[in-house]
Amino acid sequence: MKENKKTYWKGLEQLTNDPEFVKNADREFPEYLPISDQEEGGSSRRDFLKLMGFSIAAASLAACEAPVRKAIPYVNKPVDVNPSIPNYYASTFVSGGDYASVVVKTREGRPIKIDGNKLSPITQGGVNAIVEASVLSLYDKERLASPYKNGEKSDWATIDKEVAAKLKAAGNVKIVTNTILSPSTDKAIGALSETIGGAEVVTYDAASTYGITKANETYYGVNALPSYSFDKADVIVSFGADFLGTWISPIEFAKQYSKGRKISKESPNMSRHYQFESNLSLTGANADYRTPIKASQSGLAVLALYNLIAKKAGAATVKGAAVEVAHLSKAANELWANKGKSLVVSGSNDPNVQIVINAINELLGNNNSTIDYSNTASFKKGNDAGMAKFVADLAAGRVDGVLFYNCNPVYDYPQGEELGKAIAKAKVSVSTNATMDETSSMVQYIAPDHHYLESWNDFQPKAGEFSLSQPAISPLFDTRQAQESFLTWAGVTTNYYDFLQENWAAMFAAQGETASFQENWDRALYNGVYSIEVPASEEALVGAGDISAAAAAIGKAYSASNSGVELVVYQKVGIGVGTFANNPWLQEMSDPVTKATWDNYLTVSQKWATEQGLKMFEGATQKAKITVNGKSLIVPVLIQPGQADGTIGLALGYGRTKAGRVANGVGVNAYPLLDNSKGFVNYDITSGVSIELTSDSYKIAQTQTHQTYMDRGNVIQESVLSEYKKDPSAGRVSPEIYKDGEFVKPSKVSLWSGHKYSQHHWGLAIDMNSCIGCGACTVACQVENNVAVVGKQEVLNRREMAWIRIDRYYSSDAEAGDLEGLEKASDNPEVTFQPMMCQHCNNAPCETVCPVAATTHSSEGLNQMTYNRCIGTRYCANNCPYKVRRFNWFKYHDNKDFSQVNVAQNDDLGKMVLNPDVTVRARGVMEKCSLCVQRIQSGKLAAKREKRKIKDGEVTTACAVACPTDALVFGDMNDPNSQVSQMLKIKENTTSAVKEVNEERAYHVLEEINVSPNVWYFTKIRNKDKKEA
Amino acid sequence: MSIKRSLLSVPFRFCNMALIFFLLIGINAFAADPEVSDSEEAVKAGESLFNANCKTCHKLDQKFTGPALRGVSDRRDIAWIQAFIKNSQKVIQEGDPVANELFAEFNNTVMPAHPFLSDEDVMNLLSYIEFGGKEEVAAAGAAGEGAQAGAASGGVPSEYLTIILAVLVLVLLLILIVLGLIVSVLSKYLNKQHLDEEDKEFINQKTDFKKVLKSDAFVIIITALVVALVAKTAIDGLFTVGVQQGYAPTQPIAFSHELHAGEKEIECQYCHTGVEIGRSANIPSPNICMNCHMHIQNVGGKEGVSPEIQKIYDAVDNNQPIEWVRVHNLPDLAYFNHSQHVNVGGIECQTCHGPIEEMEVVRQHSALTMGWCIDCHRQTEIKTAGNEYYDKLVQLHSESKDALKVKDIGGLECAKCHY
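Chains as they are written, first to last, in the numbering used here: chain X, 1 to 1029; chain B, 1030 to 1448.
Here chain X stands alone, though its shape is the one from the complex (with noise of 0.2 Å):
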């Protein structure tokens, strides 16, 4: 078998073996103990006696009598709610234009977890991070608890009266919005429009795609997005577009994406990639072939490719100037050959970028087959040219009214700060949002909304799709719908749901349903989801924009030699537009990319940093200050290998300062430097940037650069195509240990006489090739499992709880002693996504050093953790070769230390978020995955009470169900037909420990160290031309 020879690096440290790095690669816990650190005001021995004194007094006190606990029955227990079994309903996650049609568990009553509706022919049972927690936005206790009028509580009736009123009386009312996808919504806006003598309806986005609807409608007459098809794409090119990470729908096209990515040795097919880019993106990460390019070179980028591709069509080529792009050509013949079966995306807001995309889709015959723009899509509807006439008009006193529902501009509007000086100007403001955010707290009238999960709503994301949401709660507080606000406003005396459904009867009869409305009615709203057909388009849409027009302002806006830095401002996975920046479980999720938390940064290349004498060392790092066309902020700096030369990234997100307690002050605000001065919202700042790096030093708190395997190999195992097609075992490093003469497969040498499965076998696949590492199963987990959140400096002391985490590898084919090479490398790095959990060895090595048996070997192959055995001696994760047990340092729950971020363990109503199945763990005790034994526990027992075998697929883990695209297979590996043992093509009917597994691609992390254990990888595969040596 032939060696890997790439070397594998978790950061610059560890690639330039740092020497502090290497004196901490193998120590666990590399920081300094905090016993030491009092040294004023420490505790004495007198401290200690006392102490020990009133904790023996507490503990026979306590002892003596058993507090009375009460047992409280509902009165009335209503029939589908039975105490400790979950109840589902479909529902739909919306914020702004981002959808996915979700189930929702409910326990008594409370929401307590998300996971994906499988019948949404859009979103397919796919979620995300930001939809895994939406669920503890709804125990958020800072949302508002009733109507406000100017700063002070107020009631429904004083505001519905005074609202009603100053809105007729006002003139010119504008009414501010994100995309509203909800039709019902639409029209109930429009009746309260109607009544208060025509409001006009401003839409903006956070996160603009108005470039590509304003080249839709010039091109093709379309004014909207298009349905794409990324699984019918054999080729893929995308200039910038984050489409797995945060593009329009990313949850869709990551599914899609996964399709096309998914091998065997039956069809050994996947999708090409190519990305061209400057930050590198999760969409990048993932790519084969990935390109960094300069912000101010991607127009021409674009336009080059139209030219290499119109040359092949025949077509008219148009005139832009020459940029050198790696593998661009390369990409082009490709997209020739694949004419039909490719797709072009660009996450460019320039218009006249997307007519030359739109252009390029159109040569290469995608139109109808990649795209489709009769199903078109909604996600984004923001107009940026009305909104900065809006703006101009708030701040010149020509708008007499405005009311905001569920936006906040203030905050995530460039303009924002004029915007909010500006709204005092008008005679009456009004907004539906749910916090007292930077908007809200600046209008004279808030009447909350519900969250989402105590909501009635309709959503049509695409012209044949629809879906409902339906409340799973009870409103927590004195909020109401605000689409109920809006009907009362207009004086329409049907309440909401009515109206809603009253909407929907027309359109069950308009699509010709012979049921009786409620039988229509009952099954969309347990299916959550809706289609209707919708006739596709005969012919191929023929474009009527004028390119070489395009062409020319291209040329203008865009230079192929900048030597200015340029500011690419995008959004990470975990945060996206700040909507819920309040969310701890999403400030503490580890980016997927940089693998930091709780901040926002700038990300360098390693070049701009080796000039500035800049070193990051384990996330200590220096401050510098940018500054856009006049407007400074002073931000840490992150080096990022794959960052662009000359350009520079900031996320977009942070620097809240009225979202709450956990979001505001992280951070810094980047809205206010974009671009808006070209008619869109232009998130590539090329001209006006400067950096210039402070003295100021600063620590970021990453999860990645420590952990270290050791230089031990074998963790990563990857090939290309076009090696898997000869050999589907390429790649695979198989390691032999020398015993009695002879090279053994390291399992053939154990100490261990093996366990007997006799039930059931429990095992974890993961396809490295579907993984692209977006972090959903990260959050997942922690809904689930009642993880605890522990703040920035507890990361920073390595302290996060996290039972997955997907360990991020940049790799090089240099040698690590060939320094040349390896800045090569970190200019443009592979990268692979690897899940690591518990992996539940079968000879776990954690199990034999743990002194009181805390931790011990299930009949089904479960590496299990008893907490209230544990005694905290730390052996077990001393031990463990994956490093994957994490230990309570503290009480997180229950502690004021923690209750800033820890909200779900800490507040009474951020509790009820937590899964009453899973203990919450105290201090002292180690903790790690479990592989959901709360869920195979309650599967078995279903089964057992309808006397029958477990069906396969019926018992998952919280991280199988929340992956997008079915990276993680968890089942019975005991059971040959269950998806897990035809995945690693486990043949024989056994019930030892050791499957034998005849999936080529399969393989153990640390094979040789026989650990033997129930978690598979299986190799990752780049649709890469094979190097050439």
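Hints are supplied without guarantee of correctness; some may be wrong.
Below, a list of computed lysine to aspartate or glutamate pairs in the EDC-like style, where the Cα atoms sit at most 20 Å apart [to be verified]:
#, chain 1, residue 1, chain 2, residue 2
1, X, Lys987, X, Glu266
2, X, Lys947, B, Glu1417
3, X, Lys987, X, Asp975
4, X, Lys756, B, Asp1361
5, X, Lys77, B, Glu1305
6, X, Lys947, B, Asp1420
7, X, Lys940, B, Glu1305
8, B, Lys1412, X, Glu946
9, B, Lys1434, B, Glu1417
10, X, Lys951, B, Glu1417
11, B, Lys1092, B, Glu1332
12, X, Lys911, X, Glu108
13, X, Lys891, B, Asp1361
Quick caveat, the hints were computed from the structure, so don't treat them as lab data.
Starting from the structure of chain X, add chain B where the hints point.
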């Protein structure tokens, strides 16, 4: 008599008030209807129907929520009975005088309709009503006698043991006295003989207790004993910390299981609805109480509303839940699921909760310690019959001579209860 679990779901139980009406109706005494079969199958089929649908409100020979049923086929004609069981309200509304009279007599209690019962079902029911239930009484009597006989024949009763012990002690004392007498007689006799000094000294030597008390061996033995005793007491004491066996707190309503479960034989699951389906057995919500207490306002035939029952009415009227005191408190770190034990395992409620049907005030019968759980898991055989889930385990276990017990399938593993 023990309370048997029933697999019925709650809603069906409501249905039973209906049958009551029949019982009363005895004006014309016809001869037993020839159509009501006394065959064993019919009676058996009728019994299960009766238990499923009627038992909550009707008894065979006693007036209950509804009338006593035996003899109904003599009192009424079959067609009337069938119509009434299937939909009593219809019969009443059609103005049938007997039905209306019955309805009024039983406080206008609505008997639910049973449209799902076929005519044949009704005939089976009638078979049971006429001929069933008699053996039970006889059998119970016989069993009782048998039990007493068993107690008499099986070994020595405990009171005899005490007597035997006392006699033994007495005998030992007598021997001691006799020995003492012999020693003193012998010493006296020897003193009168002419012995040398050495022997005399030996005979007259006195035990020096002081010396013994001060000896090292004695001190060590006593110290060790004391330490051991103290340690044992301390350890025993520590083991009882948090163990609330026998805990019987006063409840906000003086609810008697003895009355409801014992005397009235209401199935446990009628109120504890979660026991077959979920983790928690559920303390009944007042709306379940109201199923019966809508009509039963006092106990022992007293007039007016009992102050305890009034508390249920208050709870419902004020929409104020009743705050029962939890009797059985497992620590949060232990996961227990009722349905696993009751539904899957087929364990009787009394196995853990004790003779609940005899408890005026509920008390914690078992220790509820981990040792207690584990002991049971070691001894209990799994109910594998007819449960496909266990097929493979049974097959793999077939070589073993012992029965398949909970411990054999991982019932002692930590993560079965702790996660």
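So, going through the hints one by one against the coordinates:
Under the criterion of a C-alpha separation no larger than 20 Å, the hint pairing Lys987/X with Glu266/X is consistent with the structure, at around 17 Å. In summary, the hint linking Lys947/X to Glu1417/B is supported, as the alpha carbons are separated by about 5 Å, within the 20 Å threshold. For a cut-off of 20 Å, the pair hint linking Lys987/X to Asp975/X stands: about 10 Å separates their Cα positions. Between Lys756/X and Asp1361/B the alpha-carbon distance is near 31 Å, which puts this suggested pair outside the 20 Å criterion.
Only pairs whose Cα atoms come within 20 Å are accepted, and Lys77/X paired with Glu1305/B is accepted, the gap being roughly 17 Å. Among the hinted pairs, Lys947/X with Asp1420/B is consistent with the structure: their alpha-carbon atoms are about 10 Å apart, no more than 20 Å. At roughly 15 Å between alpha-carbon atoms, Lys940/X and Glu1305/B fall within 20 Å of each other, so this suggested pair holds. For a cut-off of 20 Å, the pair hint linking Lys1412/B to Glu946/X stands: about 13 Å separates their Cα positions.
For the given pair, Lys1434/B sits about 16 Å from Glu1417/B by alpha-carbon distance, which is consistent with the 20 Å threshold. Taking the CA atoms of Lys951/X and Glu1417/B, the gap is about 12 Å. The hint holds against a cut of 20 Å. Pair hint Lys1092/B plus Glu1332/B holds up; C-alpha atoms about 18 Å apart against a cutoff of 20 Å. Straight-line distance between C-alpha atoms of Lys911/X and Glu108/X comes to about 14 Å, which keeps the hinted pair within the 20 Å bound.
For the hint linking Lys891/X to Asp1361/B, the alpha-carbon distance of about 16 Å falls within 20 Å, and the restraint holds.
Violated hints amount to a single one, hint 4; each of the other numbered hints is respected by the structure.
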